[in-house]
Amino acid sequence: EAGVTQFPSHSVIEKGQTVTLRCDPISGHDNLYWYRRVMGKEIKFLLHFVKESKQDESGMPNNRFLAERTGGTYSTLKVQPAELEDSGVYFCASSRNYGGVSGNTIYFGEGSWLTVV
Amino acid sequence: DAKTTQPPSMDCAEGRAANLPCNHSTISGNEYVYWYRQIHSQGPQYIIHGLKNNETNEMASLIITEDRKSSTLILPHATLRDTAVYYCIGTYSGNTPLVFGKGTRLSVIA
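Residue numbers (our numbering), protein chains in the order written: chain A, 3 to 119; chain B, 1382 to 1491.
Hints are not guaranteed to be accurate.
Said to hold, decoys possible - Straight line, CA to CA, 30 Å or less: simulated BS3-like cross-link-like pairs of lysine-lysine: (1) B:1384 x A:56; (2) B:1483 x A:56; (3) B:1450 x A:46; (4) A:46 x B:1384; (5) A:46 x B:1433; (6) B:1384 x A:43; (7) A:46 x A:80; (8) B:1483 x A:46; (9) A:43 x B:1483; (10) A:17 x A:46; (11) A:43 x A:80; (12) A:80 x B:1483; (13) B:1384 x A:53; (14) A:17 x A:80; (15) A:43 x B:1450.
Quick caveat, the hints were computed from the structure, so don't treat them as lab data.
Everything numeric in this text was worked out from a predicted model, so none of it was measured.
Start from the sequences, fold in the hints, and give me the full structure.
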């Protein structure tokens, strides 16, 4: 079974440009999450999809960030226009829809490194 | 999510057991304790989780106190590749997003 995959693994863009990050969750996982870690800080939650619906977007920093999950499969996170403080690593994660009593594990991708110069 | 407290750093000799503590005094009865680790800058890796009973898998063991206010992650034979930041996270399972703290930076020393 393939894990969570993210693309690109690294991206360097200039301030003011646009970048789109893509995440393919584990097949069959309804839940998809975006997280971010900026230099020297903790990993922070950005938002949570259940299928194609945004369940929780309380962590999105501002309206320059737009996440979509059309069709409930892969997701994109667009940053437009990018600012210097957006630099960091963006992690995507996924999990099954919880329906049991044994806990529901969330699995992470390897991340997309974004450097804004 | 329950707030957890972990020591900022620990050292462990290669081949010895690494015991990583976590306090979660505010955990409620239906909150799980999850452990993840982040090796260098890779994506967080799931290790183990539990609710009340001790758990063991191929990676580690999780010992949860009877009052569920603390737990210990045990790596039975630490190797250099276990050097990482380890996160203890209390969470209502289901679909709730994880909340990461600062974790414990474990250094395995040859």
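We went through each hint and held it up to the structure:
Straight-line distance between C-alpha atoms of residue 1384 (chain B) and residue 56 (chain A) comes to about 25 Å, which keeps the hinted pair within the 30 Å bound. Distance check on the hinted pair: residue 1483 (chain B) and residue 56 (chain A) sit about 27 Å apart at the alpha-carbon level, within 30 Å; holds. Of the supplied pair hints, the one linking residue 1450 (chain B) and residue 46 (chain A) holds, its CA atoms being roughly 24 Å apart against a limit of 30 Å. Note on residue 46 (chain A) and residue 1384 (chain B): the hinted pairing holds, with a Cα-Cα distance of about 15 Å set against a maximum of 30 Å.
Distance restraint check for residue 46 (chain A) and residue 1433 (chain B): the Cα-Cα separation of roughly 27 Å lies within the 30 Å cut-off, and the hinted pair is therefore satisfied. For the hint pairing residue 1384 (chain B) with residue 43 (chain A), the CA-to-CA distance comes to about 17 Å; that is within 30 Å, so the pair holds. Note on residue 46 (chain A) and residue 80 (chain A): the hinted pairing holds, with a Cα-Cα distance of about 17 Å set against a maximum of 30 Å. For the given pair, residue 1483 (chain B) sits about 11 Å from residue 46 (chain A) by alpha-carbon distance, which is consistent with the 30 Å threshold.
Taking the CA atoms of residue 43 (chain A) and residue 1483 (chain B), the gap is about 8 Å. The hint holds against a cut of 30 Å. Simply put, residue 17 (chain A) and residue 46 (chain A) have alpha-carbon atoms about 22 Å apart, close enough for the 30 Å limit, and the pair holds. Note on residue 43 (chain A) and residue 80 (chain A): the hinted pairing holds, with a Cα-Cα distance of about 21 Å set against a maximum of 30 Å. As the CA atoms of residue 80 (chain A) and residue 1483 (chain B) are separated by approximately 27 Å, the hinted pair is consistent with the 30 Å bound.
At roughly 28 Å between alpha-carbon atoms, residue 1384 (chain B) and residue 53 (chain A) fall within 30 Å of each other, so this suggested pair holds. The hinted pair formed by residue 17 (chain A) and residue 80 (chain A) meets the criterion: a straight-line CA distance of about 14 Å does not exceed 30 Å. The suggested pairing of residue 43 (chain A) with residue 1450 (chain B) holds, with an alpha-carbon distance near 26 Å, which does not exceed 30 Å.
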